[in-house]
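These protein sequences, in sequence, are chains D and L.
Using my numbering, read the first sequence as starting at 30 and increasing by one per residue.
Using my numbering, read the second sequence as starting at 15 and increasing by one per residue.
Treat the hints as calculated values from the structure; they're not laboratory data.
Where is the CB? At the ideal position from N, CA and C, for every residue including glycine.
Any given hint could turn out to be false.
Covered by chain D, per the in silico footprint, the following chain L stretches (three or more residues, Cβ under 8 Å) [stated by the list, open to error]:
no.	region
1	122–136
2	296–309
3	383–395
Stretch by stretch, here's where chain D covers chain L in the computed footprint (C-beta under 8 Å, at least three residues) [stated by the list, open to error]:
no.	region
4	198–205
5	238–252
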Amino acid sequence: MSILIGRDTRLVVQGITGREGEFHARQMLEYGTRIVAGVTPGKGGLHALDNRVPVFDTMVEAVRETGANTSCIFVPAAAAPDAVLEAVGAGIGTVFCITEGIPALDMLPVVELVRQAGSRLVGPNCPGATSPGRAKVGIIPGSIHREGSVGVVSRSGTLTYEAVQAMTDAGIGQSTCIGIGGDPIVGTAFLDVLQLFAADPETEAIVLIGEIGGGAEEEAAAWAADHLRGVPLAAFVAGRTAPEGRRMGHAGAIISGGRGTAAEKVAALEAAGFRVASSPTELPALLRTAGYRG
Amino acid sequence: MKLHEADAKMLLVAQGLPVPPWAVARTPEEAGEAAAKFMAEGTRRVVVKAQVLVGGRGKAGGVKLAGTPAEAEEVAGRILGMDIKGSLVRKVLVGPAAMIVREYYLGAILDRASRRIVMMASAEGGVEIEEVARVTPAAIHRVAAHPFLGLHDYQARELAFAVGLGGPHLREFVRIARGLIALMAANDADLVEVNPLAVVREPGPEGHVERLACLDAKITLDDSALPRHPELERLRDLDEEDPADAEARHYDISFIHLDGTIGCMVNGAGLAMTTMDLVKQAGGEPANFLDIGGGAKADRVAAAMRLILGDPKVEAILVNIFGGITRGDEVARGLIEARNRQERDVPMVVRIVGTNAAEAARLLHEASFETAATLDEAAGKAVAAARRAAGGAR
Chain D
30 MSILIGRDTR
40 LVVQGITGRE
50 GEFHARQMLE
60 YGTRIVAGVT
70 PGKGGLHALD
80 NRVPVFDTMV
90 EAVRETGANT
100 SCIFVPAAAA
110 PDAVLEAVGA
120 GIGTVFCITE
130 GIPALDMLPV
140 VELVRQAGSR
150 LVGPNCPGAT
160 SPGRAKVGII
170 PGSIHREGSV
180 GVVSRSGTLT
190 YEAVQAMTDA
200 GIGQSTCIGI
210 GGDPIVGTAF
220 LDVLQLFAAD
230 PETEAIVLIG
240 EIGGGAEEEA
250 AAWAADHLRG
260 VPLAAFVAGR
270 TAPEGRRMGH
280 AGAIISGGRG
290 TAAEKVAALE
300 AAGFRVASSP
310 TELPALLRTA
320 GYRG
Chain L
15 MKLHEADAKM
25 LLVAQGLPVP
35 PWAVARTPEE
45 AGEAAAKFMA
55 EGTRRVVVKA
65 QVLVGGRGKA
75 GGVKLAGTPA
85 EAEEVAGRIL
95 GMDIKGSLVR
105 KVLVGPAAMI
115 VREYYLGAIL
125 DRASRRIVMM
135 ASAEGGVEIE
145 EVARVTPAAI
155 HRVAAHPFLG
165 LHDYQARELA
175 FAVGLGGPHL
185 REFVRIARGL
195 IALMAANDAD
205 LVEVNPLAVV
215 REPGPEGHVE
225 RLACLDAKIT
235 LDDSALPRHP
245 ELERLRDLDE
255 EDPADAEARH
265 YDISFIHLDG
275 TIGCMVNGAG
285 LAMTTMDLVK
295 QAGGEPANFL
305 DIGGGAKADR
315 VAAAMRLILG
325 DPKVEAILVN
335 IFGGITRGDE
345 VARGLIEARN
355 RQERDVPMVV
365 RIVGTNAAEA
375 ARLLHEASFE
385 TAATLDEAAG
395 KAVAAARRAA
405 GGAR
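Using the sequences plus the hints, can you model the full thing?
Right under this line is the structure:
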């Protein structure tokens with residue numbers, strides 16, 4: 030098994046006829062993801078990706094005609110909150126929003142509506158997820174993965190690739206690798222993903238990649254301390270040298286009022302049993318030290 | 015984006031909230047004139063406040079009272095030109111000094127954990143709220159605004175009663191609390207603070223009256239929403255900004271200038287922070303945070319190089335690219351072009367992996383760039399190169 034995406038994923042790509050949407054949909058298809066539909070309002074009836082994927086005007090139609098259960102959003106920031114709501118309204122259970130730069134206040138009612146609908150939103154401003162050998166949704170390069178049993182969760186994009194590549198090079202494969210996004214308001218937090226990994230029989234160890242800002246790492250650590258004893262845990266936190274009060278690229282990566290520092294997060298994670306790496310390349314060795322034998 | 019007090023107060027006034035009058039002065043003379051005007055209207059004393067985007071102005075001596083226009087001019091002369099935590103004071107706010115009966119704190123923030131706007135109130139006003147949170151956390155009262163309906167009146171009343179404003183000021187407190195929430199929504203603010211919110215005594219036709227007034231205001235805006243608020247973008251204080259910041263914005267590069275000697279060019283925010291951390295670990299100091307973003311092409315790479323080299327302290331450059339959307343060969347071409355055009359010869363260590371890395375490696379090899387296979391190796395090499403460069407210069 031894996032979490033969030035797998036062999037039963039039937040993906041619809043929202044914004045499939047856009048430049049980004051088409052490029053990444055092609056990569057996902059080549060990886061083996063089952064893309065059953067695309068949606069671009071006004072382009073219904075066309076076929077995308079060399080005629081392999083039917084395009085619909087609305088999500089309701091796409092779901093009715095193809096049985097899609099997961100969506101991946103590549104539409105611009107101004108239209109993305111609406112795209113999330115359209116997906117959830119059509120009954121999609123898992124929505125990945127890749128779009129970056131959505132105003133945070135726009136997301137507050139959206140995450141609440143998603144929650145009330147019983148669906149799950151990953152992102153926005155996230156790279157998506159890969160369950161190696163099964164499916165890839167989003168923009169994570171497929172080549173960095175190896176099938177295995179370590180669950181990886183991160184707030185970052187390229188930093189995740191770095192860590193996953195290091196694991197793959199060391200012969201350590203992943204069950205699912207998921208980027209939850211670098212915005213202050215995201216649909217899925219570290220804690221949610223740890224709970225999913227804990228319930229997944231194929232995930233035997235967990236790597237958490239955090240960064241400065243907010244308290245999501247601490248919240249996850251507190252839960253892990255009580256529920257993940259005996260599970261090999263490793264972590265990395267970016268931003269030990271970040272100055273206070275400056276937004277470090279990601280909207281959510283900011284130390285404010287002395288809170289959200291890397292030092293606080295490292296301390297909380299270590300107290301919860303995570304081995305915390307000082308470089309992402311150390312993660313494979315730390316997993317072994319933590320008792321991972323896969 | 016942080017707003018100056020005067021601009022923040024303007025947004026409060028736009029919501030109909032009670033803010034005493036003020037004027038902004040850029041010279042001591044202007045401050046004196048503003049004081050004279052307020053005093054002609056019956057004000058006995060004015061307050062002169064440094065307009066900088068950092069906190070702790072009062073402690074730094076950036077807030078002073080004056081009893082005459084001449085005195086206002088004199089204190090403004092002392093405050094203008096002051097350095098407050100690295101910010102040069104270029105303007106001051108002048109306004110009537112309030113007769114303060116009691117100070118409170120009222121603020122609202124975008125709270126990540128609860129995914130709500132959380133409003134906070136405290137009877138411990140006029141001091142830094144972070145300090146209150148640390149020393150007496152129970153003195154801060156919180157309510158969460160509903161994501162669809164906003165702040166309910168009863169929630170504002172709960173806060174009012176909790177801080178002891180349940181008496182004659184109750185209705186006005188509720189109006190102010192709701193106004194702050196409305197202000198956030200109208201302007202895409204992620205933080206708004208009125209500290210102090212004060213009960214002030216003012217002369218009235220039938221003796222003194224007491225009422226609530228917003229005596230200071232702090233607002234930060236969500237950068238992601240600025241494109242839809244051009245009128246707020248115009249409030250950006252270009253004087254307080256590093257000129258490099260404007261160029262970075264133009265090219266869609268995230269750039270933050272720091273104090274070290276190793277310039278960093280990276281794709282992705284998390285990886286950029288990690289690269290800085292590893293430079294530090296290898297014994298160096300990063301000169302900047304720089305994320306060239308996804309899918310960067312040669313022109314953006316060249317702009318990033320200019321930003322880095324614009325800092326005279328930079329003695330070596332570390333380029334770290336993990337290609338996903340970004341193609342390694344594009345970055346390599348950009349680097350080669352940029353190096354051919356750059357005026358200053360600074361040693362560079364390049365590490366490119368991921369998409370089209372083999373082609374990138376070939377190009378870099380032909381152009382005799384120093385390369386590295388891993389991030390740790392690249393950081394070590396860059397620190398060593400900076401040391402050699404510094405040694406050679408001496």
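Which of the numbered hints above does this structure break? Nothing - there is no hint that the structure violates, so all of them hold.
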